[in-house]
Every structure is written in structure tokens, then in C-alpha cells.
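**Student:** Now that you have both chains on their own, put them together as the hints suggest.
Which chain is which? The protein sequence lines are A and U, in order.
Count the first sequence with numbering that gives the first Met the number 0 and you get residues 0 to 595, in order.
Count the second sequence with numbering that gives the first Met the number 0 and you get residues 0 to 302, in order.
Fair warning: there could be bad hints in the mix.
[Stated by the list, open to error] Label-pair restraints from in silico Cβ distances:
| no. | chain 1 | residue 1 | chain 2 | residue 2 | range |
| --- | --- | --- | --- | --- | --- |
| 1 | U | Leu4 | A | Pro184 | 48 to 58 angstroms |
| 2 | A | Gln20 | U | Ser89 | 35 to 45 angstroms |
| 3 | A | Gly155 | U | Tyr213 | 34 to 44 angstroms |
| 4 | A | Gly224 | U | Val270 | 46 to 56 angstroms |
| 5 | U | Phe161 | A | Pro459 | 55 to 65 angstroms |
| 6 | A | Phe69 | U | Tyr213 | 29 to 39 angstroms |
| 7 | U | Ser114 | A | Gly224 | 17 to 27 angstroms |
| 8 | U | Val270 | A | Leu304 | 37 to 47 angstroms |
[Said to hold, decoys possible] Pulled from the structure, derived: some chain U residues nowhere near chain A, Cβ distances all over 10 angstroms:
| no. | residue |
| --- | --- |
| 9 | Leu5 |
| 10 | Arg158 |
| 11 | Ser184 |
These are computed hints drawn from the structure, not numbers from a lab.
Glycine included, C-beta positions come from ideal geometry on N, C-alpha and C.
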Amino acid sequence: MAVCLLYAAATLGLAHSSNYQQGLFLVAAVFSILALSLDLVAGMLGLYSLGHAGLFALGAYGTTILNSHFGWNLFALLPVVVVGVGVVGIIIGSLALRVSGLYFAITSFIFTLIVGVVASDSTITGGYQGLPGPIFPNFPSAMSSFGTALVWAVSGALLVAVIVIWSIRSSALYPALLAIRDAEPFAASAGINTALTRVLMFGLSAALAGLAGWTFSFLGFITPGQFNGTTSINILVMVILGGMNTRLGPIVGAVFISLFPVVVNWNPLWQEILFGAIFIFVIVFVPEGFVGVISRIARRIRAGLTPSSAAPEVNEPTTSLGHGSQPSSALPNTSVSATAAEFALEARNISFSYVAGVTVLNNIDFVVRPGTIHGLIGPNGSGKSTLVNLLSGQLTPSKGTVSLNGHRVETLKAPKRPGFGLMRTFQTAVMVREVSTEDNVTIGLIHKYRWITARSLIWPFLPSGRRDSRSMKSSAHGALRSVGLGEEWTRTKVADIPHGVEQLTQLAAACVGLPSILLLDEPLAGLSAGEIAQVATILRSLRSSGVTVIVVEHQTRFIFDVCDEVTVLAAGEFIKTGQASEVRSDDRVREVYLGQ
Amino acid sequence: MLQVLLTGLATGAIYGLVAMGYAVVYYVTRVINFATGQLLMASIMVTTVLSMHGTPVALALAAGVATSTLGGVVVYFLAVRPVLRFNRLSFAWLVSTLGVGIILESLAAVIWGTSSLPFPNLLNGRDVSILGAALTWQQILTIGIALFTVVGFEIFRKRTLFGKIGMAISSDPDIASAIGANVTSYAVVAFALGGLLVGVAGILVGPLSFANPYLGESFGISGFVALMIGGIEQPAASMGGGLILGVLTILANTYINAQASDWFPFVVVMVVLLVTPNGVFMSGGAIKGIWRRFQTSRVEAKS
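With the rest of the complex left out, here is chain U (with noise of 0.2 angstroms):
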């Protein structure tokens, strides 16, 4: 059970840093960047052929990692700005976003082709054992970096004036640019983070997907998914949403047969949608809003 939770969580953790990348975009701009797991495929493509020509790892990974930041900020040129400056509320941006994931994916395969190439072994190698649990140090790795991402994403949003602004911006706008917030580079930092958040993903998962141009739109549903299961208006709520589907998926996985993964995140997602539509931990904020408006009524009968 325990060796479940953990490989759910290490899974998790994946799909996490994956909706952590959607989240972190539409937190800003109130756009879902459709191309985010061609981005993550970008990441694990760079590094792998990088690496095939004999650059060294440490080279490699940063370059795949630089690699999805800087197409994060092109998607926003591309795709998002000319869109947004025509109406800001369209949803127009799921298709160019989109049109951007496609391209993406089909140029990668051009270039190297549709088979799966080896990505370079990691920490992969060597096991540790916990209680009985047996996990890779690529999968502690895992768990750590989202762990230490969440943490200091809120630190970095609640804690310093950029993360402020920020969320100024992601409650109006129209009005944050008005007392001088520039939303263009607020909106450029969104996306660059949000590659980097899945570039991060991708080296991280690399060592087991291998390297194939159509990981994209797997891991890109896949952290779609967890984002929808989460809560799309908290960027640390998604993060909680990767790790509940990669639990739930080892579950199905483990109790009900080797294909359930296809389908049962479908069946949480929708689940989720349709009883708690603003996700699992939003209803959480939901319920704390109850709970205040209760207690104060509380205080105003005894008064």
C-alpha cells in the first residue's frame, strides 16, 4: 500500500508540475496554453538528442529546460498576444494555442523522427527503500522538486511585491495596469515560467517515457486533467490535483487491471466537474466560506 502511495505520488508529482505549468499561465492571463505538453515534449526531445551527441548531461538538461521556457514565451507572441488584443474574454486562444501545440509536435517529428530514443539514465539506477517501499531516487527527486515548487511559489506569490502584482493583475487586469503594473511582461513571466515548470517535468519523467514527439499530448491531458481535478484558479491547488490523480491512477493501476490508467482519470475528472465544478480544493475554500459566514451569524444572534 504504502509502496502505492508512494509511486502514485512520484506520478503524481509529474502531472502536478504539468498543471502547475497551465495553472501558472491562466492564473496571470486567464489563458490555457493548449501547447503546454508540447512544450514538456520539447524539454525531453532537446536534452535526448543533445545528449545523444555526446553534450555533457548537466549541459543538456539545461538546455532542454531553457529550451520550453523560451517557447512558453514564444507560444505568448505567437499565439496568445495578437489574440488577447483583440478581445480579451474570447477563448480564441484555444485554438491558436493549439495551432502551436500541433506545429510543434509534427516539426518534432519531421526532425527526428516518430520512434522513441533513449534519454539519458539519471538517478534511475539506484534504489532506496522506505518501510518496505522500494522507490528510485529519480522518483524522491520527483516528489521534492514539486514539493519545494509549490512551497516556493507561494512564498515567491504572497511574499514579494512581484508575486503581488501579480495577483493583482490576475483579478483585474484592467485596472493593476492602471496604477502601473505592466501586464505584457507580467504575462511573458507567466509563460516562461510555465515552460519552465514543465520543461522541470520533462527531465524529470524523461528517463522512464523516453523521448518521442507525441508525449506532448499525453502528459499534456494528463496534467490537464490533474489542473480540472485540482482547481484551475489556484496555481497550488493544481499541484494538489497531480498528486491525487497519480495516487488515484497507481490505485486503479494496482486494483483494477493494467489499463484502467486510460480511463479512470476521466471518470475522477468528470466526477469532480460535474459535483464540485471549481475543483477539489476550491470547494475546500468553499467550505471555509460556509464555515465564516456561519460563525459570524453565530455572533451576530448573540449579539
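Isolated chain A (complex conformation) (with noise of 0.2 angstroms):
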């Protein structure tokens, strides 16, 4: 509430301020818009953008020209080009993000250019002269007192760009754009839809541009000159020298970038040689830039500060899994109850083949029965790994069918399975390094809330935000205590902690949604005998909540010790399958996997 009152009074002090004054404020605040749009997409999820020039134009170009000449409202003109062009932004994603990386920034840099040109060649955009922006009306006499309307408006377009951003990044959503950027495959068998969240969030980006692009209308003289590939350069610039992935960072830099060559008044020239410079040096000396910067030195003042501790230990597991209060608004637990199939997990008839004419498997029918643990062994290339990721959607098989708990599942992707009550781990935990272990775990659980996505945009100001927030803290807290990882390590980001930890957070994530199927991959790999005893409590602890959990090891005195049915595999055939102690003393086992 005060710091409203305080946003207020301030645009009120430059309302009434000289025009010079308002007019650093105009620019700084429309390029702080984009440039927060931007990081939106570079910083969260990793898609650098080169088209957010284009998009600006198109919202600029768009409102004067429907003002001019068709003549519409500029105030119902706001939420058609907010709108338009934040489905012109779904249209080039669901296009351009098949593929991501440098692939799209290709072209989204061509939609710039292309803009670019349609703009200098019409008639309608008036050639490379461009057109004069729309007059913004000013407030009726009796509310003079206002000073000037356009830095009201230009204000309050910030204002809504800032809540945006700030609500996602306090969202339970931004943990998971993080994990989209930089753990596809973890985000995915989480139940998170990353191709769709990611062209819905380029989608809310561009109409974020759109709307600065309506700001900027206002401003004078639109010319093709402004929204050039160097603009939207300019743009990534503002955003890295700022500060990636920061609340103030995009804002620091549009200000700095967009009043450097106003205040600086140079020869232009030399003006762009300079800024060439600033290219240069932003990127090779303060590449985390000026906010990452400072919250370094920060960290660094409080550390020393701080006495430091030695590494905590990991605890004895408690056994409270399946036990976490459920909050009200988290879905049903939709998976069935363990006992309504005959197996939890039924895979018949599987074949698939990365290429085609080599067969990866051939024929393997895979079934669990629910509420045991079951071991999948087999030698090195025997095909193992792949029939966990078309078990968990990662692939598809080319034959056979799969079903969790009675319901077909082959033809669904990955992050529709943890509806049917499937979670799963990977060999090497890759999850978000930047954020603390509980917010990782906290993906584990997004999968169980409705309209996360939509929410997030102003999620603190949503009682059921906030609500959602707390209960998904203290279900991840729940789940990692049960791996025997307490306080002292919910905090910690996932860079800061050593391998075995990060499994156990791993495994904290996949449990955390309470699935009936937990599907793991080389669990131990690189942990300590310790750690290796530990796994095997929590295993059984999980089956006796009525969790069926399959392990995938290559350590044959685990499996034969926890597992209750063991399947073992060989070069993509299938060799033998039935209690743990009948296939230890299967000859044919022998012969394949123990080498006796």
C-alpha cells in the first residue's frame, strides 16, 4: 500500500516536472517494459529473443495507424493491440520454438527484419519517414491538477509490466520456467507442459512489447529506423547489463541504454562507436550484470558476516511420506487406488528402435504388480534406460501398449503420465541450480494444482496464491525430510550441494506429488554406502505407504536385498522375470548378467 502511494506520488511529482524531465521518463519507462518482456523469455526460460523490435513495432505502427486512419478509440485500442500482439507472439512461438536455442533467435530476428522492411516499403506506414504518432488527450480541466496525462498512462503501463513480472517470479511457476530452461526432461516428467509453457509465456511477452509499443506511440515520430535488428539488440543488451533473471536488472539497464545517448549528447557517431563499446565490455567483464553484480558482492558481505558452519549431516529418514497434509485446492489424487488393477504397471509387447533396422527391444512385456518393489537389471546396452523413458513417455514405443493402473497410456507424452500417478527419477539429477532444493521439489507438485499459468501473473495478490504457495512449501519440506534431508539443507541451492544430496532432492521431487508409481533410474549412482542404506529405507518405507516403486541398478546385492520381483533384460530381449530369489538363482540370469 505505501509503496502504491509512493508509485503515485512520484508519477505525479513527474507529471507536473519540465518536459524535458518527462521526457527522459517516457523513454526510460517504455524500453523498461520491453525490457522486462524480454527477460521474461531470455532470463526464465531461456529463449533469446531477437524479435521483441518487431513485436514493439507492430504495437507502435498498429495503434497509429488504426487511430489515424480507421479512426479507433486509442483507449480501445489498448487491449486490441495488447491482445493482437500477443497472438502474433503465439503464432511465430508455436512456429519458431520446435526447435529452441540459437534456432529460434535466427527467427526471431528475421521477423524484425522482415517487419523492418514491410514498414519502410508501404505506403500505409508512410516509407522510411514514418508517421506521426496519435496525440495523447490530456485530462479534463478539472483534473488539471494531474499535470500530464501521458506520464500517467506511460506510469501505469510500467506499473502493470512490473506486477507481472514480479508476480510470476514470486509465482510456484517460476521455479518451473527455470526447470523448462534448464531441466527439459526433469520439468517434463513432472507433468509440466514445457512446449506450451513456453509459447504462452513468448505469448504474454509480446503482448507486453505490444503494449509498450502503444506507449510509444505517443511519443513523436514512428519511424522504421526505431525498430531495427539493432533495437532488438539494443533491447538483450539492456537486459544482460542489468542483470539476468533480477527483479530491478531489465529496468537498471533500459534506463541506462535509453538515456546514455540523451544525456550524453555527442557527436552520433561516435555516440554509436561508444555504444559498441558498452557491447563489448557488458559482455565479456560483467556478463551477470550490474544487479547480478552487486547481489554477489551482497552475498559475499553477508557471508562473511555470518560464521560459517560445517557441512550439515544427512538425516535418518523419517517415515512420514504419504502421510503430508494435502491442501484443499490441490486436485484429488487422481491415480487409482493401488488394488483396482491387477498391475499398477502393464507393458506388453514392446519393440522400439532409435533407427530403424536396429532393434533396441524386441518384444518385452514388463508387468508390476502394485504395492512391491521391483528390480530391472540387466547388462550395459541392454536396453534398460530406454524402456524406463517410454514407460515415463520420454519416448514412444514403435509396438506394444503400456498401462498405469489400467488406463492405456503409449500414445501420451511425458507430462500427461503423472496424472495416471507416475513419477520418476533420472540417472544424473540435472534439476534448477540457481534455486534452493525445496523450490526444486516444489515442481514435483505443480502437476496437482489448476491454472498455475494463468494464476502466476498475480499470484501474491491471490489469497489461493498465496495459499498454494505455503502448502506446496510445506508438502516439499515434508518430502524432503523424508529422505532424511532437514532444515539445514531446505534452503540451499541445488549448486551448492554435493551429489548425494542432489539425488535424495531428486527423489524428494518425485515423491513429493504422493505418485502410486515411482519409476527409478539408477538411484545409487554415486552415492555412498551410507546413502546407499538410506535409499533402501525410504524404498521400503514408500511401499509400505502402498506406493509401487520400480528401480532400475546395475548393484545386483541391492536389488536382490529390497526388491520383491526382479525383471531382467539382455540385449533388448527379454530374459526372466518372477521373485527376487528365483531369478538370483535362474542359470540363465547367471550366464547374461552375473557372469557365473
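**Tutor:** This is the structure:
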């Protein structure tokens, strides 16, 4: 509340200041909106869009042309432009985001170039000379004490952008977005539709760029030169200079870059040279940006003040899994009760090959009884990991069926499968390194809550948002405790934790959503003897709470010790399935696997 | 029609050389040098200014090409090496190489002014007629050099040890350096070669374009579009992209209108990117792969 009043007071002050100061503010605010919108995709999702100048141009030209040629009302145009540019963003995103990375940057760059060419060559856009923008109406005389209306409008637009971006940063979606950026398989297997989320976020970013374009149209003449490829790079430099993926960074960068040429009034050519030098300087010397550098220094000072303590120990696990309190707004557990189907997981006649002609799995049957721990073993190259990826939806079988608790799922992609009660871990844990273990574990809960993406736009203002954040945190704490990670680990960044803790965190993220089937791909890789004993305890406690566990492992002692039943694969062929003791004494198994 | 085709090939050969300038650098270092167009401009400007001050044309041409070659190396040490050391997989070079491009362009404008200067007239005056189509010797030379470059590069890449190590670095620099390849020196050579190619493109197109500090941007973008049409992964494919772009541009100018060459390349590249993201020639490779798979599956079915 106090912040709002302060913001309004600052706007009021600006609305009464000189034209020069207002001009500075208007330009800086418009570019702040743009930089914030780019940071949403570049910083949080790793999508280096160079299409933002083009989207910005669509907003500005759209407003100007629809107003001057077709007489549309400027305020009615605001939602039209924002939604319109957002839809354009969704279209570009759904075409260009099929492949991310460099390809996306290039396609979006070419989009900007096309917008520039069209604007330069069309008559309706005024060609190279451009168009005079519409005049923003002033306040009626009764309200003249508010000063310049345009300042209020631009300041309001900036506030909207800040609220939306900062809300997303504080929402439950934020760790999930970073996971899509850094650990896509983890995000997908946690039930997040990564492709759709990317496209929607790019659409939102485009809509904000459209908003920036709407405000920019009131600032004077609009020419194609204001929206070329260099502008796109400029916006990216603003974000990098200020600090990518930080709250204030994009704003700091936008203010600096957009006001620099106005304040330092040199020969334009020398100014360009200086600009080029700034590009290089920033990228080479401060790649984490102003805000990044400052917060790093602040962290170091804080770390110097607090006495350093020895690395905390991993505790004995508490067996509280499955007893965590479920929030009221969470979806009911969609998994069918363990006794409903004969098999918790049933894969029949599975065949698969990566390259035609080379069969990786040949007609495999793999069935798991509910409430058991089932081991899947086989020599290297036997197709275990491929089978796991087929069960969890990372791959689609070329033949055969997969059922989870009696529901056929073989055609569904990975993000759909947690809805049928399946969660998995990966051989090498790849999670979001820059957030805490707790935040990483909450990613495993996202699929349990409705409308996360839509609600994230105003998350902190929604009672349900705050409530869900709290319940997710407490579930995450419970899950971390249940794998033996106490309070001392919950706030530690994944980048700073040892490998064993990382594996346990991954396990917690898979357990936190209370799956009925848990698929673990080499959970012991790189663990110490003590940690292995701990995993055994955790798996047994999961079984006692009714969870079906499937373990792929090389450590046969662990497998035969912990598992109820074991299936053996070799070179893509099914060898044997049965009780652990029975499998262990089987001659064929000894021959292909144990080498005896 | 033949006239359009040949003129298109001559234009396209320039685009192709610029595209190869990008592609050679990308091939070894996975970096797109966004100062490539400005290196071409540097070659044209230096040649022009030297010959205006009475330097023999041959010497001026050599100095122009040498400038852009050296310029490539400067780009590497100034804008690419420091960034790659920080994070090999980031796109930070996008911003820093563009920064070099902006500096080069503005420096040229500060030193030599922004108006166009005449480039020494090489072989441009003399026409030759091929089956009724009129071409200048300059255009024929351009096409010839472009073809020579592609063939020479491919032989160099596949038949020499240096080229094979380059291929190894291209697919995995970490492993290549583990077996003893000096990745840095290969990167320097790649940037120098990239500069050399656009330097040659510059002196070939100079007589038509004249010398202007802002040439770099337009040729840089055309070359980049050619690169995207042909496919970024193979330098030879990018030359093909240049030739396609050149012919399509001249076709558009002839059959649509005189301004069509402004927007037509972008439409082409947008279609290419949406249909076959890895370029026209790369998808040729993909088709070959599918064919091979089809054949192996047939063989299997028989056995």
C-alpha cells in the first residue's frame, strides 16, 4: 500500500516536471517495459528472442494506423493491440519454438527484419519517413492538477508490466520456468507441458512488447529505423547489462541504455562507437549484469558476517511420506487405488528402435504388481533406460501397449503421465541449480494444482496463490524430511549441494506429489554406502504406504536385497521375471548378467 | 531467362562468399560473427581509399583483403575469445560481435565520411556475350572465384589433416583438444578465413556497390539470409544458399517489381526456416538419411 502511494506520488511529481525530464522518463519507462518483457523469455526461459523490436513495432504502428486511418479510439485500442501482438507472439512462438536455442533467436531476428522491410516499403506506414504518432488526450480541466496525462498512462503501463513480471517471479510457476530452461526432461516428467508453457510465455512477453508499442506511439514520430535488428539487440543488451533474471536488472539496464545517448550528447557517430564498446565491455566483463554483481558482492559480505558452519549431515529419514497434509485446493489424487487393477504397470509386446533396422527392445513384456518393489536389471546396452523412457513417456514405443493402473497411456507424452500416478527420477540428476532444493521439489507438485500459469500473473495478490505457495512449501519440506534432508538443506541452492544430496532431492521431487508408481533410474549412482542404506529404507517405507516402486540398478546386492520381484533384460530381449530369490538362482540370468 | 539466371548467379556468388564467411567461422567455433558484413565493408573502404591516394590497384586490393582477414582475427580476440572462455555455449557473442560491427561501421563513417566513394573499375567495362546473355568479365570472375572457393574448401576440409582436425573440433571441441588439437589456433584460422572470404567478396562487388561505410549492414544481412537458406552447418551448403538467393532476388526484381528484392529474400528465408529449419541442403541430407534407412529396412525384410 505504502509502495503504491509512493509510486503515485512519484508519478504526480513527474507529471508536473519539465518537458525534458518527462521526455527522459517516458523513453526510459517504455524501454523498461520492453526489457522486462524480454527478460521473461530470455532470463527465465532461456529464449533469446530478437523479435522484440518487431513486436514493439507492431504495437506502435498498429496503434498509430488504426487510430489515424480508421479512427479507432486510443483506449479501445489498448486491449486490441496488447491481445493482437500477444496472438502474433503465440503464432511465431508455436512455429519457431519447435526447435529452441539459436534457431529461435535467428527466426525471431528475421521476423524483426521483415517487419522493418514492410514498414519501410508500405505507403500506409509512411515508408522511411514514418508516421506522426497520435496525440495522447490531456486530463479534463477539472483534473488538471494531475499534470501531464501521458506520464500517468506510461507510468501505469510500466506498473502493470512490473506487477506481472514480479508476480510470476514470486509464483509457484517460477521454479518450473527455470526447470524448462535448464532441466527440460525433469520438468516434463514432473507433469509440466514444456512446449505449451514456452509458447504461452512468449505470447505474454509479446503482449507486453505490444503494450510498450502502444505507449511509444504517443512519444512522437514513428519510423522504421526505430525498430530494426539493432533495436532488438539493444533490448537484449539492456537485460544483460542490468542483470538477467533479476527483479530490477532489466529496468536498470533499460534506464541506462535508453538515457545514455540523451544525457551524453555527443556526435552521433562517436556515440555509436561508444555503444559498440559498451556492448563488448558488458558481455566480456559483467556478463551477470549490474544487479548480478551487486547481489554477489552483497552475498559475499553477508557470508563473511555469519560464522561459517560445517556442512550439515544427512539425517535418518523419517517415515512421514504419504502422510503430508494435502491442501484443500489441490486436485484429488488422480491415481487409481492400488488394488483396482491387477498390475500397477503393465507393458505388453513393447518393441522400439531409435534407427530403423536396429532393434533396441524386442517384444518385451514388463508387468509390475501394485505395492511391490520391482527391480529391472540387465547388462549395459540391454535396453533398461530405453524401457524406462518408454514407460515415462520420454519415448513412444513403435509397437506394444503401456498401461498405468489399468489406463492405456502409450500414446500420451511425458507431461500427461504424472496424472496417472507415475513419477520418475533420472540417472543423472539435472535440476535448477540456481534455486533451493525446496523450490526444486515444489516443481513435482505443479501438476496437482489448477490454473498455475494463468494465476501466476497476479499470484501474490490472490489468496489462493499465497495459500498454494504455503502448502507447496510445507509439502516440499515434508518430502525432503522424508528422504532425510532436514531444514539445513531446504534453503540451499542445488548448485551448492553434494551429489548424494542432489540424488535425494530428486527423489523427494518425485515423491512429493504422492505418486502411486515411482520409477527410479539408477538412484544409487554415485551414492556412498550410508546413503545407499538410506535409499533402501526410503523405498521400503514407500512400499509400506502403498506405492509401487520400479528400480533400475546395477548393484545387484541392493536389488536382490530390496526388491520383491525382479525382471532381467539382455540385449533388448526379455530373459526372466519372478521372485527375487528365484531370479537370482536362474542359470540363464547368471550366464547373461552375473557372469557366473 | 538465361540473362536473369547468370546475373543472379553472379549476385548470388557474392552472397554465397559472405555466407561462407559466416559458415566457416560457425563451423569451427559455433559462433556467428555479426561483424562479417562490416569486414566486407572494411575491405572495400581500404581498397578505395588507398587507390584514391595513388596506390597501385593490385596493391590496394591486396591491402583491402588483408585488412578484412586481420579484422576477423581482431574480432576473435576482442569479442569472441573472452566470451567463450566464460561460457562456451552461451549466445553472448551475438552481442559482442555486433558491438564490433557497430564500432567498425561508425569508425569508417568518422574517418572517411558517409558519402559513397568510387571504387577502382576493374574488369567491369568489358562485356562478353554467352548465348545471347551479356555479362561483364567481373561477373564471370565472381562466379569462377565462388566455385573455386567451394571446391577448394571442400578438398581442404576432407583431404588435409588440418581440415580433418577442423571437422573434429567442429563436432566436439573438448574431445578434439583432449587428443591434442589446438582449438584456439583453429578458431583464429577460421576467423581469418572468414575475413578473407568476405574481403574477396568485397573487392569483387566493389565496382558495382561503390564504397560506403553502411554497405556492411546490407551485405551482412544478405549473406546471413543466404546462410539460413543454405543451412548453417556446412560451409559448402551456404554457398548454395547464396546462389539460390541471388537468382531468386534477380527473378523477383525482373518479374515482380524493382523493389521486390527488398522483401523477397526475407519471405524466402522465412519459408525455408519454417519448412526445413536446417536449410535447404541440410534437408537434402535428411532425405538421404531417410532413403538409407528405407533401404536398410528393405534389406532386413528380405533376410
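**Student:** Now look at each hint and say whether the structure bears it out.
**Tutor:** Going down the list of hints, with the structure as the test:
At roughly 49 angstroms, the beta-carbon separation of U/Leu4 and A/Pro184 lies within the given 48 to 58 angstroms, and the hint holds. Between A/Gln20 and U/Ser89 the beta carbon distance is about 37 angstroms. The supplied range of 35 to 45 angstroms therefore holds. At roughly 39 angstroms, the beta carbons of A/Gly155 and U/Tyr213 sit within the given window of 34 to 44 angstroms. Between A/Gly224 and U/Val270 the Cβ separation comes to about 27 angstroms, which falls outside the hinted range of 46 to 56 angstroms.
Taking the beta carbon of each, U/Phe161 and A/Pro459 are about 59 angstroms apart, inside 55 to 65 angstroms as hinted. Under the hint 29 to 39 angstroms, the C-beta atoms of A/Phe69 and U/Tyr213, about 36 angstroms apart, fit the expected range. Taking the beta carbon of each, U/Ser114 and A/Gly224 are about 19 angstroms apart, inside 17 to 27 angstroms as hinted. Between U/Val270 and A/Leu304 the beta carbon distance is about 60 angstroms. The supplied range of 37 to 47 angstroms is therefore violated.
With a least beta-carbon separation of about 27 angstroms from chain A, U/Leu5 lies farther than 10 angstroms from that chain, consistent with its non-interface assignment. Against the 10 angstroms criterion, U/Arg158 stays outside the reach of chain A, whose nearest CB is about 29 angstroms from its own CB. For U/Ser184, the non-interface assignment is confirmed: its Cβ lies about 21 angstroms from the closest Cβ of chain A, beyond the 10 angstroms cut-off.
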